[in-house]
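Novice: These are the residues of each chain, in order.
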Amino acid sequence: MNGWHGRLLHVDLSSGVCRYEAIPASWLQSYLGGRGLGVRLLRETYHLDPFAPEMPLVFACGPLGGTSAPTSSRLAVVSRSPLTGTIYDCSAGGRFAHRLKGAGIDALVITGQSAQPTLLRLSPAGATLEPAQKLWGERFHATAAALQSASESVAAIGPAGERGVLFANIMMGEGNSVGRGGLGAVMGNKRLKAIVVSGDQRPTIADPERLQKGRQDMMRLFKASPILFGQLGIAEYGTPTLVDLMTQRRMAPTENFRRTVFEAAANYSGPAIRKAYQSKKDGCFGCPIQCKKSTPQGEHLPEYETVSHFGALNGIADLHSIVKSNTLCNDLGMDTISAAATLSAWGELRGRFPSADEVQKLLLAMALRQGEGESLALGSQRLTRAAGRPEFSMSVKGLELPAYDPRGAYGMALAYCTSNRGGCHLRAYPISHEILRKPVPTDRFSFAGKARIIKIAEDTNATIDSLVACKFSFLGASLEEYGTILSGVTGHDYSPQDLKEIGERIYLTERYYNLANGFSEKDDTLPPRFFSEAGSSGEGIDVPPIDQARFNEERRKYYRIRGLTDDGSFKDPAWLGGQP
Amino acid sequence: MIRQLAKYKGKLAADGCAVSERIAFLARDDELLSDGPQELVQLGAAILEQLSAVSLVLAPLALPVGDLLIRRAPVGESSFVPRDTETRTFLHDIPFVRLEKGESPDPAALAQLLRRRKGVIVEGVGIVAIGAFTPEQAYIHYCSVFHAALVKYLLDLLHDGFSLAGEDEAFAALRDAWLQPVTLEGVTFADKGVAGREAIYAEIARVGRYTVEKGLVDSAFGNISWREGETIYISQTGAHLDELEGYIDPVPSDNSSTAGVTASSELLAHRRIFEETGARTILHGHPKLAVVISMLCEKSDCSVSDCWRNCPQVRQLEVTPIVAGEIGAGGLAEKVAPVIGERGRALVFGHGVFTLGRDGFAEAFNALVEVENWCRAEYLRRLEKRLQKDV
Ligand SMILES: [Zn+2]
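Sequences listed follow chains A and B, in order.
Be aware that the first sequence starts at 3, since it is given in my numbering, and climbs by one per residue.
Be aware that the second sequence starts at 33, since it is given in my numbering, and climbs by one per residue.
It is possible that part of the hints are untrue.
[Claimed, not checked] To spell it out: a stretch of chain A is covered by chain B in this simulated footprint if at least three of its residues, at any positions, have a beta carbon under 8 Å from a beta carbon of chain B; those stretches are: (1) 246-253; (2) 556-569.
[Unchecked claim] Within a straight-line C-alpha distance of at most 20 Å, the following computed DMTMM-like cross-link-like pairs (lysine to aspartate or glutamate) qualify: (3) A:Lys363 / A:Glu393; (4) B:Lys39 / A:Asp445; (5) A:Lys215 / B:Asp125; (6) A:Lys473 / A:Asp284; (7) B:Lys39 / B:Glu245; (8) A:Lys282 / B:Glu245; (9) A:Lys573 / B:Glu245; (10) A:Lys277 / B:Asp286; (11) A:Lys215 / B:Asp338; (12) A:Lys573 / B:Glu63; (13) B:Lys421 / B:Asp125; (14) B:Lys246 / B:Asp208.
Since the hints were derived computationally from the structure, they do not count as laboratory data.
Bear in mind that the values here come from a model prediction, so they are computed numbers and not experimental data.
Cβ atoms here follow ideal geometry from the backbone N, Cα and C, with glycine treated the same way.
Looking at chain B on its own, in the form it has when it is part of the complex (with noise of 0.2 Å):
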């Protein structure tokens, strides 16, 4: 279990979520194992000893958009609803806990709110996740609320401008180090020379690896695949897109075996694209600017309330077309498939990316570091234009 807790350690410095020295992440096995600075653990080990749960991982954001939000909520606020679909279908709501300059969290008020929630952001501290199986779902946990928190205030940056003192240097610091563009330095793709069972799983696998690596998915999250003839091989349901070997399932597209019950929860959604457009590969992923702009809407007088689920629109943005829908089941196969062909590209309203390849995957990866990259331009571009309103 220790390996383990290094092992998630390192992917939430990677996902670029956290700064490995600043992590402490604890697991219960029949004795306390932890790995990370001593004060962030004992703050931990005060906490999940209180609760029926195995891990916990406490961190400060790699980015410091949890405070900045902190700071902007309402007196009297103590919550927040993540503005994305995702994180708003696993948890519902985010808890926060402000703490004056010098104060210290108090571990009992922390397990208080981590009886109802799996994850809370902390002021000065960062965020506690807890995990009820295992320490992977501390990780998932930490990266989601990372994720809406970032998604949230980026949004309502946009919506509201700076409302801080400093706010303007923190986002400028943000900016630099982290909106630039996605480059493609150091990914290759096997496309046409993919031949055999073994050469999928390992494209796929590949694939998968640089749609992390490239900060276009949480390890996590995210799903690809690949259609030979009859067979569609796609990434296990809760499988992490860097390490997909041994995770890929063959589903037959009869139906003859149901081996494949454990494939993604987004199986629909490729089995309906590949029908729709005969391609061969389809990525799919949640990069996060994408996931902002995907939600920015101009229509003043719409009656639709719940866009994520019920918008009828299919919106252009530059040669993207956004969709509503919600996963698996939930309505966004169907709304894809029909739109994605055009271009290759489509945006699930608050969700992510998908993109497909006539030939391999270099296509469909080429195409989602573009949208994320014109989305990423564009928020800067609206931005500016929001924050000359204030001048």
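In isolation and in its complexed conformation, chain A is listed as follows (with noise of 0.2 Å):
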């Protein structure tokens, strides 16, 4: 087998037993990796609560990972999210991923629950499980420091995760997050503290040369991307790049999304950080791009979404609040984008948002549970229900909407309904024609169209996760460069088309294994405010509320446009069972 290595380790933490399986060769065929083949695994078990033990929670790598190929050392982590009651998916970059390849297997999988705090320690020799006692109750920083070394990577949660605040992440050590979801309040249920990784076994290549020709066409692409390479482009800038183009778009939502331009974004613009911090280029290892700011001392620096929303949406001017709030989150070991949407929303309710000094305060309260914390720990949505103004959560199936107003761009406000893991910007990454003009700009304020453009991206997201290659590649590359560089190391025929058709059926199974678990079309929409309530109109640019009906018909037609019925269920019930 080239490509995959063909097995995977089931660590059950429960009993303590590690053992490998063999993955059968057509899964890894029509699933790829990463999400699709993480999707897969879960078949048996999607129905089960995500702090059920026995529900899993799985790491899985790509085809392409240990590979040259561009942007390929990543993994997704795949399980049911306690914050939406979705499957749940995310994608993470860098050496942990790396390495969990390199330790020989494509799919790490852990069900089960220890009595007490363990440590997972995994080579290519096989796992010890390890207690943990003595490192539960640190932070991320504290426990990856204790327990990384030079050939070794950690992924660990912190006291969020213990605490299962429900947008807990899992922290690794370079400053990657697997985030949003609270995968993080999974592991720490299992009480598993971390995971210590090394190895540097290599998947064989069929064909070298095909790789390294695809490997070539798509750095030329690369080059050629304003949005990537370019003087302003995220490359320098990383992605607060967006905050002044989002400022000038009149998206950027600000006070819990009652407005959408804060006129005291350029604080904390791309420029802004770079002056403030002297911050230098970082990244996922293997990458090109380089896309992660830190400061010359290693702090990593806030990403667009978390500067806008610890900014703009929380009326925050602060540059230094901004980033102290980011490296606390994830010294804690969570969701940026979740908590401050959710201090928003809390701000809303009180009728006064948070000012730039009482923000970390909250934070730890949040994650610790404590106090205030105690419901600010459960999201917008259900702090925002248990005080009667469920209007006030700016979600959509329970999970917090990034930095990037649907009032501005309605392929995004479909995208977000039509996400299988809630309100997410990177499932369609519609932001990526309608505000960056790749491949191809589009209309933001029109709906034509849309609902084909957001299933074709769906599906080729979907591949991407499963690759697993990062979503950024795309404003250079294409699935194009992508079929060869897999056919060069597969050895298989990947056409851009099989992709994409491999990228339906993963989305179509999550969509599936949603509506099995009760969902429906009346979860597919935005909170009433942006049928409701205009943006921030000026200098040109009007920013009216959505035509509900318009939106409305557009969702029709993607319903049809993905072979479903109009109201977005399955015309096959059995439809699950026919696949791979």
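If you follow the hints, you should be able to join the two separate chains into one complex; please do so.
Specialist: Shown next as structure tokens:
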């Protein structure tokens, strides 16, 4: 077998038994790896409660991991989200992913619940479980420092994951995180504090020349992309390069989405961060783009969504407060978008948004579930429901929306709703064409044609998450180049169209799981604010509320294009059984 | 969406890539929409339904270079690699399909090729191109395939002469219809009369339109800028040069704002050129004969094989320097800026032309026309010389 190792490691924390299992070749070819493989591996268990001990937590690598394919030292972590109740996956890059594949497996499947806090140590020689009582309660950086060595990488939870904060992250040694849906809480519920992995077993490559050709084609396209390698692109400024653009486009969510322009946003723009922190390039292992930024001391600086939500969304203009909030969330092991958005919803509830120096206290209370933090730790949907004001939760399926106001990008509006993991910008990433003009610009204030674009992009991104590659590479390259690379690595011929069909299968499997777990058309919608309140119009840009009837019409088109019924369910109730 | 189909049909015809009445343009929303002759629409629909794509365009080429290339290709070959760098970067290679006289194309076989690539040439039928997201993409891919085919044919012809029965007549028709000098008829420039941001936008938009109308670039390619003080006003990435209203980014030279991240991929080149020359305007197009001529090199004992990227020479074509370098961060900016100042023009190997103006666009536009006209004449002169060898 080329590209894949063909086996997984199953660790049962209840019994302490670790054993290797073969993965059927047909699964690998039909689901690739990463998100797709993880989703396939959950077929018997997707209906379990996220906190049921038997619920698997899957760390899945992809066929491109361990090869020279650009942006591909990544993995997907897959389980069911305690925050949203949906099937959940998150892609993360870095050395941990690289070494997990280097341990000679395609996936690590963790089930059960340990009686005591435990630590999993993993290498090509096998796996061992060790007590981790001493580490329990430690923040992430202390945990990583205690465990990490030059040849090992660590994934661990912080206090937030231990205490079941519903948007707790799994953090990785180089600042990569498995974010958003609370898989850190799933790991904490299993009493698994950390995973330490080493290994450098490389998969064999079927056709190195073809891989090399695809790699060169891709690098040329990266260099041609102003968003990636331009002087104002993300390689230079990181994703905060979007701050100025989102302000200019009048779609930066401000004060819990009551407004869409924040006058002080320039305080935390890409150039402002660079100036204040002398930031340097940083990023995932094996990635030529290096879009992350850090201080000369190595402190990771926040991404666009984080600066905007700890900034505009809470009405905070102080860059240092924002950076502190980001660092604190990372150390506590907590998702920055959901944390900031939950604080913002809470701010609207009480009639006052948190001040710049109040935020960190609140974050700490949230992670430790103390006082006010107890209800904040459940996320904005549960918080606002309990307060009798559910409309203040700016979320879809319970997942807090990131920093792209849907009134300023109608494809984004639809994609938030059709995303299988709730209100996420990355599932179809329409910002790419509606704002960044790649691969081709579309009219952001129009629904026309968006249903099919979103469908195709969702399929494409499901594939990318299964290779596992970075979605930013699609601001330059396309499935054509990844098809060449994957064919070169595995020796199986994958055309871009084949890859889209694989993505479609993965997407539909996820939707099938969600529907079986009780989701329906009524969950595929936005908070009412977006249909009734205008954004901040001005400077020749009008930001009206979204036309609900037109939105519903496009959503219906989307269901039809997906081959679903008009209310978004499966025509064939036995569809799943027919899949490989 | 149906309006989009008509719009891009019009553009294909205006660019001179296809003939209006023979263009079938299709797109899928939740239903199939189409515009064009019925038999072509039918074939297009049969292909599109097998693909996960939004749009498809199918049309005979306005010049017969597709069929000529296919018929000249060695038996057993089924694709060609574009010689021009931009098409090669985005399309990699272009498959083609041979058809016997009277044989009709098989939609399944064409869909099979389009599962892999963005466009294909079918003998006797034309170019079929698809767009994953929008009709505009299908239009762009059609133009790219056409551009690549024309450039490759002209280069091959210069190298090998005629090799098919009747090819000389076909070429003569092509020459008479298309290879004529570009005129300056109908173009005027405001230059020193331009004052203020709105006037700059209007002038950029106007000159962008001229560049397309005169056939010096296909609509969705090229870029254009005006420098005023510490700000560069530049066309956005993916903008159409003949529709620039609303698609120009002001970029401050101190990078105090990054809102210009959507600016042209050649922002870097424009900045370097402004820094180096103090010019006021820059124009960049892909005039086809300049692209062809830029790739002719007489050097025989050269160790460089990827000339488009790594040729270290500054070659001189009459008064125009030719340099290598790939787009964006691929090295072109560093090579063009030092050489463009002297005569206000530079050619990039296999890619296109940069020109500049000191007061406004008149100088830049005139230079672009001059370079292309010189290259057209030069091509015909060299071709004649080459054909004499065969006699
Ligand atoms: Zn160009």
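Novice: Next, verify each hint and record whether it holds.
Specialist: Results of checking the hints against the structure:
no.	hint	in the structure
1	246-253	holds (count 4)
2	556-569	holds (count 3)
3	A:Lys363 / A:Glu393	violated, 26 Å
4	B:Lys39 / A:Asp445	holds, 15 Å
5	A:Lys215 / B:Asp125	holds, 12 Å
6	A:Lys473 / A:Asp284	holds, 17 Å
7	B:Lys39 / B:Glu245	holds, 15 Å
8	A:Lys282 / B:Glu245	violated, 45 Å
9	A:Lys573 / B:Glu245	violated, 51 Å
10	A:Lys277 / B:Asp286	holds, 12 Å
11	A:Lys215 / B:Asp338	holds, 14 Å
12	A:Lys573 / B:Glu63	holds, 19 Å
13	B:Lys421 / B:Asp125	violated, 31 Å
14	B:Lys246 / B:Asp208	holds, 16 Å
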